[in-house]
Amino acid sequence: MAAPGIVWLLLCFVFPLYVVLCIVFGQVDPLFRTPIPVWNPLQWNPSQFSYVLTHIVGADGIFGPALVRTAVFVFTASSLCLLIAFPVAYYVARLSGRRKGLLLALLIAPFWISYMMRMFAWVNLLQNDGIVNKVLSFGGLFTVNVDWLTGQPVVVILGLVYGYVPYMILPLYAGLDRLSQPMLEASRDLGADRFSSFWRVTLPLCRPTILAAVLLTCLPMLGDYFTSDMLSASPKTAMVGNLINDSVHAPGRTGQAGAFVMLVFLVALLPMLYYIRVTSRRDEVAS
Amino acid sequence: MPEPTTRRQFLARAAILAAGAPTLGAFLQACSKSGPASSGPSLTIAAPNNPVKWPIADDNKPIADGLAPEKGATLKIYNYADYLSPEAVKAFEDKYATKVEISTFNDGDEAITKLRSGVDFDIYNANYTEISRLVNGGLVRPLNHSYIPDIKNVWPSFTNPWYDQGWQYTVPYTIYTTGIGWRTDQVPADVGAMKNPYDVFWDPAYKGKIAVLDDFHTTMAMVLLRQGITDINTSSEADLKMVGEQLSAMVKATSPKVTITAYNDLPAGQLGIAQMWSGDIINAQNYLPEGTGPDILRYWFPSDGKGMVDNDMFVTLKGGKNPVLAHLFINHILDPDVAMQNFSAIGYQPPQNSITADSLVNAQFIPENLRTVIVKPEYFDTGYRTLELDAANDAAWHNVWQTFKAGGS
Amino acid sequence: MRGPVAWWNDPWRPPRFLVGITAGYLAWSLLPVAIAVLYSFNNGRSRTTWQGFSLRWYWGDSTLSVWHNDALHTALLQTLKLGVITTLITVPLGVLFAIGIDRWRGRLPEGANFLMLLSFVLPEVLLAVALLFVLTTVALPIDLGTTAQVIGLITFQVSYPAVLVRARLATIGPQYEEAAMDLGASPLGALRRIILPMLMPAIFASTVLVFADVIDDFVLVRYLSGAASTEPVSVKIYNTARGAPTPALNALASLLLFSALTAVVIGFLVYRYLSRGDTTTKDRGIGAFAGEL
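These protein sequence lines map, in sequence, to chains W, Y and F.
For the first sequence, the working numbering assigns the number 52 to the initial residue and increments by one for each residue that follows.
For the second sequence, the working numbering assigns the number -6 to the initial residue and increments by one for each residue that follows.
For the third sequence, the working numbering assigns the number 183 to the initial residue and increments by one for each residue that follows.
Negatives, chain Y to chain W, calculated, CB over 10 Å:
#: 1; residue: Gly59
#: 2; residue: Gln161
#: 3; residue: Ala186
#: 4; residue: Tyr191
#: 5; residue: Thr227
#: 6; residue: Asp232
#: 7; residue: Gly286
#: 8; residue: Asp330
#: 9; residue: Asp351
#: 10; residue: Ala356
#: 11; residue: Gln357
#: 12; residue: Lys369
#: 13; residue: Pro370
#: 14; residue: Tyr372
Which bits of chain Y does chain W cover? Going by a derived footprint, with three or more residues having C-beta under 8 Å, they are:
#: 15; stretch: 97 to 105
#: 16; stretch: 243 to 256
#: 17; stretch: 261 to 269
#: 18; stretch: 380 to 390
Heads up, simulated BS3-like pairs for lysine-lysine below, C-alpha to C-alpha not over 25 Å straight-line:
#: 19; chain 1: Y; residue 1: Lys46; chain 2: Y; residue 2: Lys311
#: 20; chain 1: Y; residue 1: Lys200; chain 2: W; residue 2: Lys185
#: 21; chain 1: Y; residue 1: Lys314; chain 2: Y; residue 2: Lys64
#: 22; chain 1: Y; residue 1: Lys64; chain 2: Y; residue 2: Lys83
#: 23; chain 1: F; residue 1: Lys263; chain 2: Y; residue 2: Lys92
#: 24; chain 1: Y; residue 1: Lys64; chain 2: Y; residue 2: Lys54
Treat the hints as calculated values from the structure; they're not laboratory data.
Beta carbons are placed, not taken as given, at the ideal position from N, Cα and C, and that holds for glycine.
My request is simple: use the sequences and hints to build the entire structure.
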């Protein structure tokens, strides 16, 4: 019964990834410099892939900064997301009482507002004559000389946080909702104060939930390029997604785009494998 | 509880996979999409001192004379964004009772990839940096001149341009120069009077308010011109290395935006000064907020004409399904009234005989402070063109550009 | 009269700090969108200066409003078309997948499960680029355009219903099915008459989710689009926002928002109707709906 699904995934998910490999290790048409995939693994040519690898660090390291920047942006944004999402999810899941339904609806709302529209809304606000500058200048008292939309890493990080925080709140909410209240109350009964009860009981109990939520937010963020494009059209905030996007259509560099795709795939795969091992081990213990 | 995979099983599976892959490979080879084979070992590069008459393949003859326009069709145009007047398009739709659909691209490379993947556009806004690839790749259809009588309104030099002798494939669309545009309320200095106006891109005083064009050839050529190197299609390694270093220095000094939408950002106040095409600064007048007049806009281009001068053109595509309508549309655009209407909508000057510098200023079409925008025929003799680059050179140029766009090293 | 210290240390006090954070977050999250929707009713061309109320960007302006501008029309239609087609195929595919995997034991279903989770978490751009390569290099009868976009979207979204249904199946447990089979039903009959009705809430929740996610999708549909008629609203916003957008774009985005909201409200009402006898979800209202997620 699961056959159609499996077949679909194999055809449309696994096979395209193989095609990516064939293009990365394939050849380039000498005239148009479009990629020619080489289907037989025995004939694969690693020159494009090694070009990317050798240009990451060192004197020729042109890709290094973007990769490092991606790691920094994603890490910072994910941490900020967690800092914001956890208290909100905790409050709504456990402490909001009667207003839970309404608050939940408001929390879910960003899912149905187009991501593009949310970023677009911020572009409006951050324009030189937009509301943010108007507020910051206190209605004309100070002249704010900051161009928010030109190459400001802070703006891009905040944009990423803004965009992805709903994706973190929902799993956290679901997980925190399932925590058993009696266990938490027990720790208070046994004399722990608010803070250490939280630190020693609540947090460890929801560690798997936090892990899942972080993965769910962090990994898609790795491929983001449009946030940087919309909020700052500058090379100073280019992420690995921008590298992919810029080279996919560029003649002669499609193989490089494929190489980046492979790199991001590997980076995303490893935490997923770790997560699967952790959860399956947990299931084994539980059963 | 499932047992962990034993090593033997893993090896067995890996062996099967390894044995199966080449057969899979052979199978896929049979059904891979073989694109049009590249003819000849290298591209013929056209240049002003090396004019080229393109061959017309036997299976790519122009359409017959006197055909009726297709009925109930949708003409598909592939163009830059905001680069065709909606009124001109509507007039065409009404005249021939047809629909027009405009798709947009951001740069030529992206466009060619899409064209080669088989999307059936009818008309494409090309540039002579692509013409060789377009012809060699069998993407363009030769024109039947009997459908385009209005060519007589266009500057005579365009009926036999060096990039397409005998105008077999192309029709000129707009002419423009590449210079520097700015607004006086944010940039009080007289950039035009500076010794080397290109220096502004490295002047930290303009940090965060400046932009360069998101077009690798134009921006890198500007760096070459700044250093006084006039071969803006150079393949010299030393020159390209210098350009790379200068671009990094630019990022450090002024952190420029890289965009082709300065025609909107400059009047909106996001930018104070930008590398712009001449049409952009004219177009910018339309985007000024209410209360700000066009007298704050300025444009500089070398007065001796020794700067970048180019023209865009329309070609009809072989994959298009409406060739007659395509020809009629091209003719429509060459009509003087339509051309003027287009000019006022997009800001780029068409090479029409009826449009001269004096007529424009007298009709107050272009304000006196933007007189420098008007493209004079003499510029085409003294100016520099961004030409098509051969494969190896193109790769070298793109490498430098990629370093720049990846945030510099 | 209690002093301020006692007020602070009152053990029954509401968690003010958390309330503050939540309120602040909600404002930060929803205000920019509210402002964007507000400016879609602006009387002038600006998106930052309020120039009076008008509906011109919706249907008043004869060339630029959403009603009159064919390009924006087409974009809206394309978005809805993609949403409906993808949801219709994805949900049954995902539900079947989940039911099938759940009953199967062994390494193959674990591998399939892992594959499905992977397709869920991977950045969309990887899948988009991979599919683009396939379509441009392998001779398939499919070209870039709506078909390609639908295929890509299904692949990306199929894990949504699968995950939701599996979670619900885990909560339901095997006892109902076993009881039905003890009473003489065939496995397929038990599935059809017992399990599927119990899964209805999860199925509907996933339908709504998939639809909302598809109409918002950007990366896949952009890479796999053909001509401008296959560009949905999200791509239009991206293309135009970097140029010179008018508030018609705000109007378009607002229209999309309203249609998404309508879909959700309908989904929620249907969910309420379907689970009106279900004791596990009574009294939880919207919480139950979201609990399915």
